[in-house]
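In case you want the letters, here they are:
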Amino acid sequence: MTAHTVFFDHNSTTALKPQVLEAMLPWLTAPTGNPTSRHVFGRNAREALELARKQVAECVGVQASQVIFTAGGTEANNFAVKGIASNLSPGQLLVSSIEHPCVARPAQSLAWQGWQVNQILVNSDGVIDLAQAEQAFQTRPGLASVMLANNETGAIQPVSTLAKLARAHGTVLHSDAVQAFGKIEVDMQTLGVHAMTLSSHKIGGPIGVGALIIDKRLDIGPLLHGGGQERGLRSGTENVAGIVGFARAAQLAMQSLASRGALVQGLRQQLEVGLHKLGATIFAAKAVRLGNTSFFAIPNIEGETLVTALDKAGFAVASGSACASDSTEPSQVLLAMGVAPDLARGAVRVSLSDSNTSDEITQFVAALQQQVQRLKGLSAVAA
Amino acid sequence: MSERKPIYLDYSATTPVDPRVAQKMIPYLTEDFGNPASRSHPYGWTAEHAVEDAREEVARLVNADPREIVWTSGATESNNLAIKGAAHFYAESKGKHIITLATEHKAVLDAVRELEREGFEATYLQPEPDGLLSLEKFKAAIRPDTVLASIMMVNNEIGVIQDMTALGDICRANNVIFHVDAAQATGKVIIDLETLPVDLMSFSAHKTYGPKGIGALYVRRKPRIRIEAQMHGGGHERGMRSGTLATHQIAGMGEAFRIAREEMASENERIRMLRDRLLNGLMQIEETYVNGDLDHRVPHNLNVSFNYVEGESLIMAIKDIAVSSGSACTSASLEPSYVLRALGRSDELAHSSIRFSIGRFTTEADVDYTIDLLKSKIDKLRELSPLWEMFKDGVDLSKVEWAEH
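Protein sequence lines, in the order shown, are assigned to chains Y and Z.
With our numbering, the residue at position 186 of the first sequence is 186, and numbering never jumps.
Quick note: to get our numbering, add 383 to the position in the second sequence (first position is 1).
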């Protein structure tokens, strides 16, 4: 059923790489111990786990002990925000206005503990307004969180500059690098952040695994209490197969970073030339963006309607972030950029991978043109 | 040089993934890789179907409504979510006192400790020497401000089954939320949430031949139980637990629970015979004590203390079998098991205890080999033991006054 659909929704999730499955299978099909057990089944599982930790660490330029595995990006973001806040006295908490809900909502949840949540704003290109950020850091917030690349627009944020600001004001800075990791170079040292979130299933690894990368001196409390796994910072029997798969996917992503980047950027350029001809507005077009992401709207056409029409035509795209796909509210990210709500309701996201082809883009642009003409015709009749 | 694999008798620590479960998972790791939350294309729909089918399978095993099942990353998360989530939600209306059992899993004990740090009060009830909780003690512990009780169904170390119906009835009568950690119970005892007076129940996949890293929390709808989310974000799982659902993991848990439902009756019979065979064999060894009640106990578990044997030496001597000398989650430490200590066992007996846990792939030959191994190794260790010699000479060791160093 899904075989005929062209998949253009890789920021939502992406296919598992065959080499990743190969790495995982022994840990699913052969008896695998509990990594806490002392017998050989447990020790083998522990060894695989620690090797995976080292591999993930190498991908982001840290030591293995700085990698805390979680059940995904959402957990890692919750862990970062709440875990860091739990060891600080309540004060100012800064989050950008374009954060994923799994950063924004845990931040809001801290309000009842006495935290005051303030926003760092973005400009019309979807990029952090550094002048405003500088002001915001003057209040010496205890914790700040700014994502490295936005999941909807793909706009890359000036995180290393913010990290310098944060360190100058004694602020702990966390960055959600879920969308950036595997698409651009993500080096903890260069970024200068205190904590950073990674996710497996956005880079060709399995769903249900992620990590929080932490500065060695970071004071952070656990979100999940129990058996004391992950040096007491994340209890629960480790998902050995998933973690092994995550590490393999991370290695593969790093190996092909440059070649994939060039490929998808070429495809996106082809796409956006077509989009311009159709009169589309491309959001964050002036920003430095992830090479695979294009977020656009055709004026006077509802995004939801277009996405459904495109699905029938055999193209899987998104109208916003998948997590919020239930809602028909215009994208919060676009509103934060000052995009008019009417135009924001038209938003469609295409997110590519190196598995996509130039032919698919050509077909997509043709299908889009057809649907746009049809939908405009319908609305003309309705008028 | 590859080490020869010992016989696996540690099914309570984790179980191998059943081959049928692995087969069920693989399609969702390959062609059907969609994000179940993607509503705009068939990749998402296929994944969502798989998630909902699995939810139904999990619900069927415990006779619940699928809408009462919330996916988590495992029993640790389920326990944390249930305990903190319910305590936070009901603290204002009911109070800030929690009751639990000293022999609970660390995930329950540490979640309760965390609440204590936040200003809750907790009562840790001691079990009877057989591991069972006295209903009278439980009733007596309830206070007007008791908000939540958390009592496990099956203990991970000694396998004893608590009286869920009686405990739940007491909770109902006193308007106390009742959470049950059933990580060690699924596929081993019948769980009928239609009749059991339980409000919240934690499940794990990897103790029931499913994958590691996936679990579920049952949250009763009638009467409706509310919990405060511990993981915020995209609003998945009706807002109770955000995070992209791991389709392959969930499909695996569903299949594991389907197999458990269909096969547990016959499987438990077979496992009980093996356990009794093991028990009879080991009881031929002198000075051997079973930990925990034998009647109210899952057939899979046998926890035995071998007196006059030093625990570490015993573990080293029986490397041909993979067993646990305590709960897996604490076996890295050399502290005696807190569960056995709570039963009143001495440090020595607690240290020289072994948990044998039998499962789907254990054979009669495995059991016989284990009995022979234990017999010969314990004989050897005792031959070297001055304490054993004194015991055999009729010296009452408890009366011996040891010289100070």
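If you're looking for bench data, these hints aren't it; they were derived computationally from the structure.
What you are looking at is a predicted structure, and each value in this text was computed from that prediction instead of being measured.
Glycine residues also receive a C-beta, built at the ideal position from the N, C-alpha and C atoms.
Any given hint could turn out to be false.
[Unchecked claim] Where chain Z lies over chain Y, by a calculated footprint (3+ residues, C-beta under 8 Å):
| hint | segment |
| --- | --- |
| 1 | 75-82 |
| 2 | 91-102 |
| 3 | 248-254 |
| 4 | 356-370 |
Now for the hints, and whether the structure bears them out:
Residue count for the segment 75-82 of chain Y with a Cβ under 8 Å from a Cβ of chain Z: 3. That meets the three needed, and the coverage hint holds. Counting residues of the segment 91-102 of chain Y whose CB lies closer than 8 Å to any CB of chain Z gives 3, so the stated coverage by that chain holds, three being the minimum. A stretch counts as covered by a chain when three or more of its residues have a beta carbon under 8 Å from one of that chain; for the segment 248-254 of chain Y and chain Z the count is 0, and the coverage is violated. Evaluation of the coverage hint for the segment 356-370 of chain Y: breached, as 0 residues show C-beta separations to chain Z shorter than 8 Å, against a requirement of three.
Hints 3, 4 from the list above are not met by this structure, while the remaining hints are.
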